[in-house]
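J.: These are the residues of each chain, in order.
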Amino acid sequence: MRNRVLINRVAGCGLVLFLAGCALKPSQQATLYDRLGGNEGVTAIVDNLLYELAGNEKLIGFFEETDINRFRTKLIEQLCEVSDGPCRYSGDSMAKAHSNMTLNRSHFDSLVNDLIAAMDANDTPVAAQNDLLARLVPMYDEVMHPQKYLSDADQY
Amino acid sequence: MFKAVFILLALSCAASVGIAQEASKILGTSALQQIEGAGGGGIVPWATIGGYGSEGEWGGAASAGGVQVSDLVLDAGGVLIGWNNRVEVSFMQQTLQVNELSSGPFDAVIQQHIYGAKVRAFGHLIYEPWPQISVGVQQKLNLNPNIPIDVLGADSDRGTDIYVSASKLWLHALAERNLLLNVTARYTNANQNGLLGFGNGDGSDYRWVAEASAGVFLNHHWAIGGEYRQQPDRLASVDESPWWDAFVAWFPSKRIAVVAAYVDLGTVALWDEQRGGYVSIQITN
Chain A
4 MRNRVLINRV
14 AGCGLVLFLA
24 GCALKPSQQA
34 TLYDRLGGNE
44 GVTAIVDNLL
54 YELAGNEKLI
64 GFFEETDINR
74 FRTKLIEQLC
84 EVSDGPCRYS
94 GDSMAKAHSN
104 MTLNRSHFDS
114 LVNDLIAAMD
124 ANDTPVAAQN
134 DLLARLVPMY
144 DEVMHPQKYL
154 SDADQY
Chain B
79 MFKAVFILLA
89 LSCAASVGIA
99 QEASKILGTS
109 ALQQIEGAGG
119 GGIVPWATIG
129 GYGSEGEWGG
139 AASAGGVQVS
149 DLVLDAGGVL
159 IGWNNRVEVS
169 FMQQTLQVNE
179 LSSGPFDAVI
189 QQHIYGAKVR
199 AFGHLIYEPW
209 PQISVGVQQK
219 LNLNPNIPID
229 VLGADSDRGT
239 DIYVSASKLW
249 LHALAERNLL
259 LNVTARYTNA
269 NQNGLLGFGN
279 GDGSDYRWVA
289 EASAGVFLNH
299 HWAIGGEYRQ
309 QPDRLASVDE
319 SPWWDAFVAW
329 FPSKRIAVVA
339 AYVDLGTVAL
349 WDEQRGGYVS
359 IQITN
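Going down the list, the sequences are from chains A and B.
No gaps in the numbering here: position 100 of the first sequence is 103 in our numbering, and each next residue is one more.
No gaps in the numbering here: position 258 of the second sequence is 336 in our numbering, and each next residue is one more.
One or more hints might be untrue.
Unchecked claim - Which stretches of chain A does chain B cover? Using the computed rule of at least three CB atoms under 8 Å from a CB of chain B, they are:
#1 98-109
#2 114-123
Claimed, not checked - Here are the computed lysine-lysine pairs in the DSBU-like style, where the Cα-Cα straight-line distance is at most 35 Å:
#3 A:99 with A:61
#4 B:332 with A:99
#5 A:61 with B:332
#6 A:77 with B:332
#7 A:77 with A:61
#8 A:99 with A:151
What the hints assert, rightly or not - Simulated restraints, written as ranges between beta carbons of each label pair:
#9 B:320 with A:41: 46 to 56 Å
#10 B:148 with A:34: 46 to 56 Å
#11 B:240 with A:87: 42 to 52 Å
#12 A:43 with B:342: 46 to 56 Å
#13 B:283 with A:102: 26 to 36 Å
#14 A:107 with B:105: 12 to 22 Å
#15 B:236 with A:67: 50 to 60 Å
#16 A:94 with B:342: 16 to 26 Å
These are calculated hints, taken from the structure and not from any lab test.
Backbone N, C-alpha and C fix where the C-beta goes; we use that ideal spot for every residue, glycine too.
Looking at chain B on its own, in the form it has when it is part of the complex (with noise of 0.2 Å):
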C-alpha cells in the first residue's frame, strides 16, 4: 500500500516538475484531495478545480492519508490534475483494513480504486457574487467483493458516483476571517463510499444524498471547519450512518498542505461508534 502511494508521489512530483511554470490561485485555494480524490475537504467534493492552475494554466496534486477509528483503518493515496481551473480528473486508490482484535469474519483487506472527473460549470469560488457550480462523476472499482457481496449481500462491485457541488469563499465574512461554504448532492448506490460494495442484493439502488462543508481561513495559512456527508444506506444486512469530520487544515506554501480531523463514521458493517482521526499530506502545484 505505501510503496504505491510513494510511487504515485514520486510520479506526481515528476509531472508537477514538467507543468509548474505558472500557477496563480490564491494559497489555499487549491482546497484538497478528498478521501474519494476529488478536489474538496477531507470527505466532501467541493465545485474547486483541485490544484492551483488558474485560467490558461495545470495545477496538480499528490495526497498520502488515512483513517483510524475503532475497529478500522483506510489507508488512501492518490493523484489529482486540473486545467484551465475548469477541468479536473482524479485517481484515488483506498485499503481499508480491519483492527486484529475484531476482525471476526472481516479477516481481509478491501481494496478499491476511484477514477474521478469533474467539471466547473459556472461561478467562481471568490470573485463573482454567486458560487461556484461544478459537475463531477466518481467510477469506483472494488477489487475485494466477497465481503460486501457474499457476506453483506451488496448488489455490485463497482459504481458511479454522480454529484453536483456549490462553492463560495466569502471575504471577510465571518469574525473578519474569510469563510468557505460548500454543498454537494450526489447520486450514489455505494455503500460505505463503495468500500462495502454497491446498492442491496434485492435492486434497491442509487438515492441522492446531501453532503456540506464549512470552513473558516484564521489568517493565510490556517483554516479550521467541519463536513457532514449523508450516506445512502443500502443495504439491508448492516446499517449505515453519516459521517462527520472536524478538521485544521495547514497550507505553509503552494507546494504542502496538511489536514488533520476528527472523524465519526458512525456504525460501520459490525461496528458502532467508530470515531478517530484522519490525517492527509498533500503535495500541491
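Chain A with its partners taken away, still in its complex shape (with noise of 0.2 Å):
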C-alpha cells in the first residue's frame, strides 16, 4: 500500500515536470530576431551594413538612385520578419527591388561579405547568423532572375 503511494507519488512528479517542461519550452526557444539582438540588434547590423556598401565599389553604384533611408527602413523591416520578429515587411518584392539590376554572382557574394562583416561588427553569434543567412540564400533566384517573377505576376 505505502509502495503504491510512493509510486503514484514519484509518477504524479514526473506527469508534473514532465508537462511543466513542456510548457517551459516554447518560451526558453528565443526567435532568431531575439539572437540577433531585437530591433537594436537588427538596427545596428543594418546601419553596419550600410557603412560597408557605402565602401564596396563593386555595389555602391546600384545604388545611386536609392532613398537610403526608405532603404534602411524596408531592410530592418524585412529582417525583423525575416528572423521571425514582430514586423511586416511592406517593401517591394525582391524581383520588383532588383528588376532594374543587371547582376552577377560576383555581386550576390560581394552583398553576402559585407553582411557577414555587419554581423561580425555587432558582435552576431556565429550560429545566428548561419541562421540568417541561410533564410535569406533562398531569396537569390529572385534577386538574380526579376523578369522571371516578375512576368509571373504580370499574369495575375
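Using the hints, put the two standalone chains together into the complex.
T.: Have a look at this one:
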C-alpha cells in the first residue's frame, strides 16, 4: 500500500515535471530576431551594412538613385520579419526591387561578404549569422532573375 | 624540391598581385589545393573552382605541403588558377621518398608532375538548391618510372584521371554550423595516385573509384572534417588500400589557408599501416 502511494507520487511528480517542461520549452526558444539582438541588434546590423556598402566599389553604383532612408527602414523591416520578429515587411518584392539591375554572382557574393562583416561588427554569434544567411539565400533566384518572377506576377 | 616550391610560390604571388583586383567568394569557399593540385580538400578534388574568383573574376592559389607517414615522405607543391568560377587549371609536383631505414629496394626518389583542368558544369556551392557539379581531368607523368614498372610491374609511366564531383555547402545545417559535403567519382588506373605507376603489366587497367569529403565550419575561420578515397588496387605485386584523413583547416584571411590532417594511407608498396601527418600552406587570391 505504502509502495503504491510512493509510486503514484513519483509518477505524479514525473508527469508534473514533464508538463512543466513542455510548457517551458516554447518560452525558452528565443527567436532568431531575439538572437540578433531584437530591434536594436537588427538596426545596428543594417547600419553596419550601409557603411560596408558605402565603401564597396562593386556595389555602390547600384544605390545611386536609392532613397537610403527608405532602403534602411525597409531592410530593417525585412530582416525583422525574416527572423520571426514582430514586423511586417512593407517593401517591394525582391524581383521588383532588383528588376533594373544587371547582377551576377560576384555582386551577390559581395553583398553576402558585406552582411557577414556587418554582423561581425555587431558581435552577432556565428550560429545566428548562419541562421539568417540560410533564410536569405533562398531569395537568390528572385534577386538574380527578377524578370522570371515579374512576368509571373503580371499574369495575375 | 623546396627550391622548386619556393619558385612556384614566388611566381604565384607575382601572378596573384597582377590579378588581385577583386575576388568576391565567401571566406573558406576557395577550398584548398588537394594533393594532386585541384581545388578541393586534402586528398579529394571538389566541384569548387579554386581561389576566390566569383563570376567575371580571376582567382588563384599556390600551396606547399607534405605527408609524413611511418616509412614514407611525400612533398607536394603547386599552383592553380581559376576564372569566372567556371574553369580551373592546375599544376602539382610530388616527390616521394622512403625513410632511410625502411628503404630496401626503394632507395630512390619518385617524382611526379600532374597537370589538371576542371570545369563547373552547373549549380552553385551555396546559393542554389542543387549541388555544384564539376568535371575534371588530371594528366599525370611519373618522372622515375623504373621502380613502378621494372620492380612492381606497372604498365605505364603516365595516365589520365577523369572525375566528376558534386559539392554543396548547407548553411545552418549541423549544430547551427555550415556543413560541406562532397562526393567524387574518378575513372583512374593510377597506383597510389600515380607514384607507383599506372595499371598493371597484364593490362588490367582503368576503373571507377569513389571519394568523399565532409567538413563543418566551426566559425568563419576554422573548419574540421574527414575524407575518404578509394584506390584502384591494380598492381598484382603489392596491395593498395583506401586513403583516409581527418583535417583541421584554418582560414585567417582570404590570403592564407593552412590545413593539418591525420592521414591513414593503409598499405603502400611494401609497407603497411602507413599513418601520419599532412600539413599544407596555401596562398590564395
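J.: Hint by hint, say whether it matches the structure.
T.: Results of checking the hints against the structure:
1. Given as covered by chain B, the segment 98-109 of chain A passes the check, having 3 residues with a CB less than 8 Å from a CB of that chain where 3 are the minimum.
2. Only when three residues or more bring their CB closer than 8 Å to a CB of chain B does the claim for the segment 114-123 of chain A stand; here the count is 4, and the claim holds.
3. For the given pair, residue 99 of chain A sits about 21 Å from residue 61 of chain A by alpha-carbon distance, which is consistent with the 35 Å threshold.
4. Between the alpha carbons of residue 332 of chain B and residue 99 of chain A the distance comes to roughly 34 Å, so the proposed pair stays at or under 35 Å and holds.
5. A distance of roughly 18 Å separates the Cα atoms of residue 61 of chain A and residue 332 of chain B; the hinted pair therefore holds under the 35 Å criterion.
6. A threshold of 35 Å between alpha carbons decides the hint, and for residue 77 of chain A with residue 332 of chain B the separation of about 32 Å falls inside it, so the pair holds.
7. A distance of roughly 22 Å separates the Cα atoms of residue 77 of chain A and residue 61 of chain A; the hinted pair therefore holds under the 35 Å criterion.
8. Distance check on the hinted pair: residue 99 of chain A and residue 151 of chain A sit about 11 Å apart at the alpha-carbon level, within 35 Å; holds.
9. Judged by the Cβ atoms, the range 46 to 56 Å given for residue 320 of chain B and residue 41 of chain A holds: they are separated by roughly 50 Å.
10. At about 53 Å, the CB distance of residue 148 of chain B to residue 34 of chain A agrees with the hint of 46 to 56 Å.
11. At roughly 47 Å, the beta-carbon separation of residue 240 of chain B and residue 87 of chain A lies within the given 42 to 52 Å, and the hint holds.
12. Between residue 43 of chain A and residue 342 of chain B, the C-beta spacing of about 50 Å keeps the proposed range 46 to 56 Å intact.
13. Against the hinted window of 26 to 36 Å, the Cβ-Cβ separation of residue 283 of chain B and residue 102 of chain A comes to about 55 Å, which falls outside the hint.
14. Judged by the Cβ atoms, the range 12 to 22 Å given for residue 107 of chain A and residue 105 of chain B holds: they are separated by roughly 20 Å.
15. Range check, residue 236 of chain B to residue 67 of chain A: about 56 Å between beta-carbon atoms, so the 50 to 60 Å window is met.
16. In this structure the supplied range 16 to 26 Å is violated for residue 94 of chain A paired with residue 342 of chain B, their Cβ-Cβ distance being about 54 Å.
In this structure, the hints that do not hold are numbers 13, 16, in rising order.
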